[in-house]
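Participant: Take a look at the letters that make up each chain.
Protein chains: 2
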Amino acid sequence: MSQFNNVSVVKKANVYFDGNVTSRAVILEDGSKVTLGIMLPGEYEFGTGAKEIMDIQAGELSVLLPGQDAWLDIAEPTKFEVPANSSFKLKVKTVTDYICSYID
Amino acid sequence: MSQFNNVSVVKKANVYFDGNVTSRAVILEDGSKVTLGIMLPGEYEFGTGAKEIMDIQAGELSVLLPGQDAWLDIAEPTKFEVPANSSFKLKVKTVTDYICSYID
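Residue numbers (my numbering), protein chains in the order written: chain A, 2 to 105; chain B, 2 to 105.
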């Protein structure tokens with residue numbers, strides 16, 4: 002499905018790392034939230050509250066998941082999971098378009 | 002109102018100028034489309050098909066509208082209109098969060 006239907010979109014953007022990572026919050030019909038985001042090339046680290054599923058729609062990056070020594074090379078279309086209450090590092094190689102889901 | 006309700010969101014981002022300008026298309030209840038976008042600092046030129054209303058939610062920029070000699074300095078919250086079938090130039094000074102509406 003190429004679009005989310007019957008949702009709400011928060012107008013104000015989420016802006017991180019001087020705009021190199023930005024996202025929009027979308028509240029789905031079942032009340033759960035996802036964010037649709039863009040990451041420009043660069044290196045970033047994010048913390049998690051809930052468990053996250055990162056769905057890479059476009060782009061190339063490497064990710065270092067918590068407790069891992071080896072970086073994972075990732076290219077669309079790929080999903081990866083990040084445990085709750087942890088953090089993960091990203092080396093973004095090309096403009097990356099992602100959807101992040103939050104699993105309570 | 003801080004969010005759009007009962008809308009559809011196209012999953013795939015619109016990416017321009019190597020990711021320095023990106024947006025998400027949102028289809029409103031009445032079937033009209035808006036885009037929620039981010040512009041990083043830089044200089045850009047965009048063409049228009051339909052008339053556009055640019056609603057600057059956050060950020061500082063200057064805009065040169067078609068047929069004008071003087072640049073307009075703009076800071077949120079401000080709206081400006083761009084005629085149909087024309088183009089406009091932007092000098093974006095700070096990360097800018099905008100909503101663009103299209104008027105047929």
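In case anyone wonders, no lab produced these hints; they're calculated from the structure. Treat the hints with care, since some could be wrong.
One copy or two, it doesn't matter: identical chains are merged, so the pair holds either way.
[Stated by the list, open to error] Distance condition first, Cα-Cα at most 20 Å in a straight line; then the derived PhoX-like pairs of lysine-lysine:
1) K13 - K34
2) K34 - K12
3) K12 - K80
4) K80 - K34
5) K34 - K92
6) K34 - K90
7) K13 - K52
8) K34 - K52
9) K94 - K13
10) K80 - K90
11) K80 - K13
12) K90 - K13
13) K52 - K94
Predicted model, so just to flag it, every value in this text is computed and none were measured.
Participant: From the Cα coordinates, with 20 Å as the cut-off, is the pair K12 and K80 best called within, between, both, or neither?
Facilitator: Between. Shortest inter-copy distance 15 Å satisfies the 20 Å Cα cut-off; intra-copy 26 Å does not.
Participant: How would you classify K34 and K92 at a CA-CA limit of 20 Å: within, between, both, or neither?
Facilitator: neither (25 Å within a copy, 34 Å between copies)
Participant: Given a CA cutoff of 20 Å, do K52 and K94 count as a within-copy pair, a between-copy pair, both, or neither?
Facilitator: Neither way: K52 and K94 sit 24 Å apart in one copy and 36 Å across, limit 20 Å.
Participant: Are the CA atoms of K90 and K13 at most 20 Å apart within a copy, between copies, both, or neither?
Facilitator: Classified as neither; 25 Å inside a copy, 24 Å across copies.
Participant: Check K80 against K34 for me: Cα-Cα at most 20 Å, and say if that holds within a copy, between copies, both or neither.
Facilitator: within (17 Å within a copy, 29 Å between copies)
Participant: Should K80 paired with K13 be assigned to within, between, both, or neither, using CA atoms and 20 Å as the limit?
Facilitator: Classified as between; 15 Å across copies, 26 Å inside a copy.
Participant: As a check of your reading, is K13 near K34 (CA-CA no more than 20 Å) within one copy, between copies, both or neither?
Facilitator: both (15 Å within a copy, 17 Å between copies)
Participant: Under a CA distance limit of 20 Å, which applies to K94 and K13: within one copy, between copies, both, or neither?
Facilitator: between (27 Å within a copy, 19 Å between copies)
Participant: At 20 Å max between alpha carbons, let me know whether K80 reaches K90 within a copy, between copies, both or neither.
Facilitator: Within one copy only: 15 Å inside, 38 Å across.
Participant: Within a copy, between copies, both or neither: which one fits K34 and K90 at a CA-CA cutoff of 20 Å?
Facilitator: Neither: 22 Å inside a copy, 35 Å across copies.
Participant: Between K34 and K12, at a C-alpha cutoff of 20 Å, which is it: within one copy, between copies, both, or neither?
Facilitator: both (14 Å within a copy, 14 Å between copies)
Participant: Regarding K13 and K52, is the shortest C-alpha distance of 20 Å or less found within a copy, between copies, in both, or in neither?
Facilitator: Neither: 23 Å inside a chain and 23 Å across chains, both beyond 20 Å.
Taken one by one, the earlier hints fail for this structure at numbers 5, 6, 7, 12, 13, listed in ascending order.
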